[in-house]
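*Asks:* Residue numbers (this note's numbering), protein chains in the order written: chain B, 1 to 207; chain X, 1001 to 1179.
If you are wondering where the hints come from, they were derived from the structure by calculation, not from laboratory data.
Some clues are possibly wrong.
[Said to hold, decoys possible] With a straight-line Cα cutoff of 27 Å, these simulated DSSO-like cross-link-like pairs (lysine-lysine) come out: (1) B:LYS14 x X:LYS1156; (2) X:LYS1122 x B:LYS14; (3) X:LYS1156 x X:LYS1122.
[What the hints assert, rightly or not] Label pairs and their in silico Cβ distance ranges: (4) B:GLU33 x X:ALA1012: 24 to 32 Å; (5) B:ASP5 x X:SER1068: 23 to 31 Å; (6) X:THR1024 x B:ARG152: 21 to 29 Å; (7) X:ARG1057 x B:GLU33: 22 to 30 Å; (8) X:ASP1014 x B:ARG31: 43 to 51 Å; (9) X:ALA1059 x B:ALA27: 50 to 58 Å.
We put the beta carbon where it would ideally sit given N, CA and C, even for glycine.
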Amino acid sequence: MNTSDDDRFDTWLKEASAGYNALPPNAQVPREEMWRAIAAARAAGRTPGVTRLIRTPWTLAAAAAVLLAVGIGIGRMTSDKVDSGVSTLPDSAVPATYGVAATRHLTSAEAFVTAVRMSSYAPRDTAIQRWARDLLTDTRLLLDSPAGEDQRRRALFEDLELLLVQVLQLEDSRTTDTNELLLDKTQQDQLLTRLRANVPAGPPARS
Amino acid sequence: MNERELLTRAQAGDPVAERAIYDTHVDRVYRLAFRLAGDAELAKEFTQDAFIRAFERLATFRGDSALSTWLHAITVSVALNGLRKVRRLKREVQLEHAESLGSDRPRSDPVLRQRLDAAIDKLPTGYRTVFLMHDVQGFTHEEIGAALGIEVGTSKAQLFRARARLRERLADLAGAWSA
């Protein structure tokens, strides 16, 4: 595809994508309905939104996470008795080299998320930022590699990518509130649980 | 009354000023949430959540950026976090209503339309957000940078990569879009 093709594509893309997730022509913004919900939530001192939408299944997910964490703990305590080179994710569809690279990357990501959780949203930490940037590059490379073809692993890489981008967005000038908004601690906890579930028990992989 | 006066009154707790701020910005916030979510119910939830958070934090808003930029930053943050939770639930828990998500899209779209929508859906979150904000919603790179907390150059790079990925994924339809 040459440059003029690229330009034509970009022009077409801009026009065609205008219909992506567009409000239906006759749709109206439900201003009053939303305002009533906002006023009611504020009066009751609670936050509505997706928390309401997912309350019941999230309880199940939290329970599953606790069970998973217990399982991982038991697995790690007995790690010398098992083959620590086996990933909990099926690698059948992924070439072995990519599988090893992905596992090492997830191990490093687990350490990173742990470090971020302990940083208490401190202003820009150069070491953390540099680490995040390196991990982000590797995450995107792995997303584009055969390692990203496994759906579960891909979802994990995408969530990791988002967290890394959010960490890189933090600036000295931002208020703590804004940083807390960007870096949702629950989000980190959930990601950490999933990372641990996908890193083999035993000593960390050597790079 | 200008925005600065409205803001000062809203920060002092004036409900009329809060409503005026809501009326001024709610349409664009809702449309942005809808673009990101593709679902009316989720867009509504994200918009409500964004305004609740904004009003909670209004006292800390110092006016370094435009109020609209600040609101859009909160909206994107709320929407991306919300969508991640919804995506995870769709993967891990078989929600009864999961199949209905995104059902606001017309079902009679032609193949090209469906291929484009699917390709946009598959973009990594960062690329997709920048692409939707710039090419679809008409935000400038400066506005996107301020809203997402990224450099203008990063916004441009993400848009470039988003378009490149879409070009790759739709390459076999070259005849259709170049006609």
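*Asks:* State for each hint whether it applies.
*Replies:* Okay, the hints, checked on the actual structure:
1. B:LYS14 x X:LYS1156: Holds, at roughly 15 Å.
2. X:LYS1122 x B:LYS14: Since the Cα atoms of LYS1122 (chain X) and LYS14 (chain B) sit roughly 17 Å apart, the hinted pair holds (cutoff 27 Å).
3. X:LYS1156 x X:LYS1122: Roughly 19 Å between the alpha carbons, so the hint for LYS1156 (chain X) and LYS1122 (chain X) holds.
4. B:GLU33 x X:ALA1012: 24 to 32 Å: Since the Cβ atoms of GLU33 (chain B) and ALA1012 (chain X) sit about 27 Å apart, the hinted range of 24 to 32 Å holds.
5. B:ASP5 x X:SER1068: 23 to 31 Å: At 36 Å between Cβs, range violated.
6. X:THR1024 x B:ARG152: 21 to 29 Å: Cβ of THR1024 (chain X) to Cβ of ARG152 (chain B): about 43 Å, so the range 21 to 29 Å is violated.
7. X:ARG1057 x B:GLU33: 22 to 30 Å: Once the Cβ atoms are compared, 23 Å apart, the range 22 to 30 Å for GLU33 (chain B) and ARG1057 (chain X) holds.
8. X:ASP1014 x B:ARG31: 43 to 51 Å: violated, 19 Å
9. X:ALA1059 x B:ALA27: 50 to 58 Å: violated, 34 Å
Of the numbered hints given earlier, the model fails hints 5, 6, 8, 9; all others are met.
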